[in-house]
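Chains as they are written, first to last, in our numbering: chain A, -8 to 98; chain B, 73 to 182.
Just so you know, these hints were derived from the structure itself, not from any lab.
Treat each hint with caution, since some may be false.
As the list claims (entries may be wrong) - As a list, the in silico BS3-like pairs of lysine-lysine whose alpha-carbon atoms are at most 30 Å apart:
#1 B:K129 <-> A:K59
#2 A:K59 <-> A:K46
#3 A:K85 <-> B:K85
#4 A:K59 <-> A:K44
#5 A:K44 <-> A:K85
#6 A:K45 <-> A:K59
#7 B:K129 <-> A:K85
Said to hold, decoys possible - To give an idea of the chain B side of the interface with chain A (calculated C-beta under 8 Å), a few residues:
#8 S158
#9 L162
#10 L167
Unchecked claim - Partial chain A-side listing against chain B, Cβ under 8 Å, derived:
#11 V18
#12 A22
#13 G32
#14 L37
#15 M39
#16 S73
#17 I77
#18 H81
#19 G91
#20 R93
Heads up, the beta-carbon is just placed ideally off N, CA and C, and yes, glycines get one too.
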Amino acid sequence: KNEVEQSPQNLTAQEGEFITINCSYSVGISALHWLQQHPGGGIVSLFMLSSGKKKHGRLIATINIQEKHSSLHITASHPRDSAVYICAVHNTDKLIFGTGTRLQVFP
Amino acid sequence: KAGVTQTPRYLIKTRGQQVTLSCSPISGHRSVSWYQQTPGQGLQFLFEYFSETQRNKGNFPGRFSGRQFSNSRSEMNVSTLELGDSALYLCASSLRNEQYFGPGTRLTVT
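Next up, chain A with everything else stripped away, as it sits in the complex (with noise of 0.2 Å):
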């Protein structure tokens, strides 16, 4: 079993939906980071949080520390945020990554 598990791995919506990808993990964090990467392989960092909940836009990235469990939530879905959405830990000073979700948003 993977230390870092994502679902769903393939999401499909139209322009404006509301998304929810989900994060769960096993081991013991000081932190946890959405990641985005687009075709081509650059990686941009989402948020980073330990605690709570934050908000850029229209992303928003929660966490429940007792749940072990992280949502990444975009609202009104546009075709630019077609891409692989990776969850990774912070465990002892080394980042786990998830297998991470393709979304692909259609017009």
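Go by the hints and put chain B onto chain A.
Frame of chain A; chain B shown alone:
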């Protein structure tokens, strides 16, 4: 501020050769981490350097090594390349655990 830069961006090598990849962190960042991304294994942590010292190491064979210079620039080296080393190699510099990724070096081993 300039972002994290990696050179070269693309590289083709033959089995048995060695390769050196370079990473320049964001100015002021003293921590540099390296990651390997393959279709089969996803993203995996290679090692982290802080102030010229390797602070943490992932589960990779000794053919994978790295170093960090006094200006925080880092290099990673892979010796005796194998076909399975074909991957995207990413580095990230960090400040207070916030990670800033470079564009990656795509290595193809033939």
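Do the hints match the structure? See the list:
1. Proposed proximity of K129 of chain B and K59 of chain A is supported: the alpha carbons are some 25 Å apart, at most 30 Å.
2. A hinted pair counts as satisfied when its Cα atoms are at most 30 Å apart, and K59 of chain A with K46 of chain A qualifies at roughly 20 Å.
3. For the proposed pair K85 of chain A and K85 of chain B, the alpha carbon gap of about 29 Å is at most 30 Å, so the pair holds.
4. Pair hint K59 of chain A plus K44 of chain A holds up; C-alpha atoms about 14 Å apart against a cutoff of 30 Å.
5. Taken as a hint, the K44 of chain A and K85 of chain A pair is honoured in the structure, with Cα atoms around 23 Å apart against an allowance of 30 Å.
6. Our distance criterion of 30 Å between C-alpha atoms is met by K45 of chain A and K59 of chain A, whose separation comes to about 17 Å.
7. The hinted pair formed by K129 of chain B and K85 of chain A meets the criterion: a straight-line CA distance of about 8 Å does not exceed 30 Å.
8. Interface hint at S158 of chain B: violated, since its Cβ lies 14 Å from the closest Cβ of chain A, which is beyond the 8 Å cut-off.
9. A least Cβ separation of about 6 Å between L162 of chain B and chain A falls short of the 8 Å threshold, and the interface hint therefore holds.
10. Checking L167 of chain B against chain A: minimum C-beta separation of about 11 Å lies over 8 Å; hint violated.
11. At its closest, the beta carbon of V18 of chain A sits 13 Å from a beta carbon of chain B; the interface hint therefore is violated under the 8 Å criterion.
12. For the restraint placing A22 of chain A at the interface with chain B, the shortest Cβ-Cβ distance is roughly 5 Å, inside the 8 Å limit, so the hint holds.
13. The beta carbon of G32 of chain A is positioned within 8 Å of a beta carbon in chain B (closest approach about 5 Å), and the interface hint is therefore held.
14. For L37 of chain A, the interface hint is violated, the least distance from its beta-carbon to any beta-carbon of chain B being 11 Å, above 8 Å.
15. A hinted interface residue such as M39 of chain A counts as satisfied when its beta carbon comes closer than 8 Å to some beta carbon of chain B; here the least separation is about 5 Å, so the hint holds.
16. At its closest, the beta carbon of S73 of chain A sits 19 Å from a beta carbon of chain B; the interface hint therefore is violated under the 8 Å criterion.
17. The closest approach between the C-beta of I77 of chain A and any C-beta of chain B is roughly 7 Å, which is under the 8 Å cut-off, so the hint is satisfied.
18. Because the smallest distance between the Cβ of H81 of chain A and any Cβ of chain B comes to about 6 Å, under 8 Å, the interface hint for this residue holds.
19. A cut of 8 Å between beta carbons decides the hint on G91 of chain A: the least distance to chain B is about 7 Å, and the hint holds.
20. With a cut of 8 Å, the hint placing R93 of chain A at the interface with chain B is violated, because the nearest CB-to-CB distance is about 12 Å.
Checked against the numbered hints above, the structure violates hints 8, 10, 11, 14, 16 and 20; every other hint is satisfied.
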